[in-house]
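Asker: Start from the sequences and build out the full structure, keeping to the hints where you can.
Those protein sequence lines, which keep their order, are chains A and B. Residue numbers 1 to 517, in the working numbering, belong to the letters of the first sequence in order. Residue numbers 1 to 178, in the working numbering, belong to the letters of the second sequence in order.
Calculated directly from the structure, the hints in this document are not laboratory data. Quick caveat, the model's predicted, so the values are computed rather than measured. Treat the hints with caution; some may be incorrect.
[Stated by the list, open to error] Here are the computed lysine-lysine pairs in the DSS-like style, where the Cα-Cα straight-line distance is at most 27 Å:
1) K60(A) x K54(B)
2) K76(A) x K116(B)
3) K76(A) x K133(B)
4) K485(A) x K445(A)
5) K118(A) x K148(B)
6) K60(A) x K46(B)
7) K75(B) x K122(A)
8) K133(B) x K60(A)
9) K60(A) x K116(B)
10) K148(A) x K133(B)
11) K54(B) x K76(A)
12) K107(A) x K7(A)
13) K148(B) x K60(A)
14) K73(B) x K122(A)
15) K73(B) x K118(A)
16) K76(A) x K73(B)
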Amino acid sequence: MNPLLRKLLDPRQTQYLVVNHHFIIQEISTEVQHYADTPDEAIPGADARMSFPELIGIEKTLMSIIMGQLPSFDLKGIARFTDHSRPLYFDMLAIQHEEEQEDVPSKLLILIEDTTEKMVMKQSLMQRANEANLLVSALAASNDYIDKVIRSMGDALFVTTTLGIIKTVNQSAQWLFGYSEAELIGHPLSIIVVEEKLLYQARHCYILSHKELLRELQVICTTKAGEEIWVEFSCSAVQTELQELYDFIYIGRDITERKQQEIEIRRSLAKEQELRQVKSRFFSMLAHEFGNPLHTILFATKILQDYGDEITHEEKKHYLEHVKSASKHMAQLLDDVRLLSSVEAGKLEFNPAPVDLHKLCSELVESIKISNGKNHRINFIYKRLSVSAKKTDRESEETQDLPALDAKLLRHILTNLLSNAIKYSPIGSNIYFELNCENEEAKFKIKDAGIGIPIEDQEQLFESYYRAQNVGKIPGTGLGLSIVKQCVDLHGGQIEFSSDTGLGTTFIVKIPFDKQR
Amino acid sequence: MSVTISKKICMIGDFGVGKTSLIRRFVDRQFSDQYLSTVGVKISRKSVELEGVKQRENVTAQLLIWDLEGHTKFKGIAPTYLQGASGVLIVADVSRSETVERLSEHIQLFSSVNPKGSIIVALNKVDLIDEEKVALLVEISHSICQDKVIAVYTTSAKTGKDVDEIFYKLAYTMVEQV
Chain A
1 MNPLLRKLLD
11 PRQTQYLVVN
21 HHFIIQEIST
31 EVQHYADTPD
41 EAIPGADARM
51 SFPELIGIEK
61 TLMSIIMGQL
71 PSFDLKGIAR
81 FTDHSRPLYF
91 DMLAIQHEEE
101 QEDVPSKLLI
111 LIEDTTEKMV
121 MKQSLMQRAN
131 EANLLVSALA
141 ASNDYIDKVI
151 RSMGDALFVT
161 TTLGIIKTVN
171 QSAQWLFGYS
181 EAELIGHPLS
191 IIVVEEKLLY
201 QARHCYILSH
211 KELLRELQVI
221 CTTKAGEEIW
231 VEFSCSAVQT
241 ELQELYDFIY
251 IGRDITERKQ
261 QEIEIRRSLA
271 KEQELRQVKS
281 RFFSMLAHEF
291 GNPLHTILFA
301 TKILQDYGDE
311 ITHEEKKHYL
321 EHVKSASKHM
331 AQLLDDVRLL
341 SSVEAGKLEF
351 NPAPVDLHKL
361 CSELVESIKI
371 SNGKNHRINF
381 IYKRLSVSAK
391 KTDRESEETQ
401 DLPALDAKLL
411 RHILTNLLSN
421 AIKYSPIGSN
431 IYFELNCENE
441 EAKFKIKDAG
451 IGIPIEDQEQ
461 LFESYYRAQN
471 VGKIPGTGLG
481 LSIVKQCVDL
491 HGGQIEFSSD
501 TGLGTTFIVK
511 IPFDKQR
Chain B
1 MSVTISKKIC
11 MIGDFGVGKT
21 SLIRRFVDRQ
31 FSDQYLSTVG
41 VKISRKSVEL
51 EGVKQRENVT
61 AQLLIWDLEG
71 HTKFKGIAPT
81 YLQGASGVLI
91 VADVSRSETV
101 ERLSEHIQLF
111 SSVNPKGSII
121 VALNKVDLID
131 EEKVALLVEI
141 SHSICQDKVI
151 AVYTTSAKTG
161 KDVDEIFYKL
171 AYTMVEQV
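Answerer: Quick look at the structure:
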């Protein structure tokens with residue numbers, strides 16, 4: 001090698017080898033073997049490709065350099081070590097090596113520069129950067145997957161802070177409640193959960209208890225459209241980066257349909273129970289109310305059959321009267337049962353026609369006085385206010401002023417209330433019957449000083465065949481008030497009462513003149 | 001008659017796909033879970049006996065396997081390393097779909113330097129994902145690579161699945177071309 005070139009390379013610690021066009025080593029620097037793959041073969045006279053396998057495959061390129069067709073070829077960062085604790089890296093540069101004598105062919109100078117220090121540093125940096133990138137990539141993939149799972153969930157998902165401020169929602173939650181993500185995030189959960197305190201309690205319960213998942217928390221929620229829906233939530237918590245501070249995860253399912261079905265079933269069961277009670281009361285009434293008159297009839301007919309020839313004409317007449325009265329009583333009972341069943345079946349109709357209420361009530365009072373009111377004082381009071389304003393002499397115009405009501409239904413109402421007042425009041429007591437027409441409605445008030453209705457019976461008073469506990473031996477079917485209630489309802493009216501046991505009862509019936517259909 | 005033919009093959013692909021691990025499994029019959037990034041280039045040698053190639057009884061192929069620094073978003077693969085390579089193993093990681101998507105880029109790079117070079121694709125780390133996913137990725141890889149590659153293999157340096165096969169297949173193909 002040119003001594004000048006050698007002088008230049010030595011201080012830079014650059015190693016070299018010179019090879020001919022057959023890649024046979026011609027000359028080497030002192031430490032070039034340190035970088036050889038097989039050091040023993042890095043000697044003059046040997047094929048350089050054996051000790052430096054990097055040269056295999058690029059022979060054409062190297063020949064082009066020898067021939068001066070290419071300026072150089074370099075390979076950077078060649079690693080030559082098996083033990084990672086003792087790394088060795090170098091850069092290789094191949095250039096043309098011209099001999100000083102003109103007729104000697106050119107050779108190839110391969111320069112080797114140690115880059116271990118630089119490459120070790122680079123490895124360390126790359127290692128960290130690549131590890132971080134792999135982590136980011138794994139994290140992104142995992143996040144993406146979790147996001148997709150959450151998005152595809154059929155159940156609504158909410159994540160809130162400890163205080164119930166919404167942090168995350170999924171698509172199902174937006175669909176279920178009709179809000180967009182932006183309308184939910186940052187807002188309290190109370191915007192959808194009516195009874196948010198239930199969830200608040202659940203959160204506290206979770207923190208205070210054994211941190212078990214709370215299941216089947218059924219609450220009423222409101223959608224954006226204002227619709228109320230039943231949602232069943234499960235609630236669990238995840239600890240935030242701060243200890244003892246939790247985020248809460250709610251997973252909700254719309255159970256409105258199920259709830260409605262439950263309510264329907266409960267209603268049906270209650271109805272069935274009620275029907276069973278009505279049936280039981282009906283049979284009980286049948287046994288009592290038909291029993292007595294039947295016995296009377298059987299007894300009287302037996303006397304007439306067995307002793308017909310022996311008893312007097314007066315006595316016969318007396319027994320026949322008994323039979324007649326008992327039969328009449330039974331017929332009345334049957335009429336009541338028929339009436340009630342036709343009302344319940346919706347067969348009883350409201351047929352309004354002008355009714356002179358004063359006349360109707362007066363006639364009714366007279367008729368009751370004659371039939372079963374002989375032992376009581378029935379005081380009828382009539383107050384007429386609004387209707388009087390248009391009073392004229394002409395009958396047809398008067399008829400026009402009369403309210404259109406159903407007289408038949410009114411008779412059922414008033415007869416039953418007055419009969420009850422008489423039946424449950426002591427002999428000789430006063431009964432007040434007041435008719436008051438004002439503000440386009442008729443108010444009937446019937447007040448007695450009878451046995452009264454115990455508080456515990458008041459709720460069921462209008463149910464068919466139901467009788468208060470304090471009726472004792474006073475006969476009755478438990479149908480009267482039920483018929484009254486149905487007739488008032490047909491009129492679109494109201495019935496109310498107040499009662500004190502032992503002091504008496506007051507019934508007030510309000511019938512509007514213009515029924516709201 | 002037995003002859004020895006030396007062949008340069010390169011391993012290219014994104015960083016962390018398991019190029020070094022495949023070489024280690026093939027050359028040293030070893031595997032380590034620990035990730036150690038390669039910088040620069042490291043050459044490993046392995047001689048393989050090939051039977052019945054070109055009517056010769058035996059051919060010994062001395063494979064010079066160039067383990068190249070992986071492609072990152074900051075630095076691509078230097079084409080000078082690829083010069084004179086007879087074949088290439090392009091490696092992707094099935095658990096990172098972006099490395100599969102970049103296969104065509106690597107194929108293009110290698111073909112631009114060595115238009116006649118043999119290419120095999122290794123979809124590595126198949127031990128990490130479901131079989132259905134692997135099947136789909138193979139299909140995607142075929143559509144990416146089309147007829148530019150000899151074959152697409154699903155490999156695992158961890159279990160050794162198809163590791164020898166990729167190197168032998170490449171060796172046969174390269175020697176056949178001589």
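Asker: Which of the numbered hints are not met once you compare them with the structure shown?
Answerer: Per hint list: 3, 5, 8 and 11 violated.
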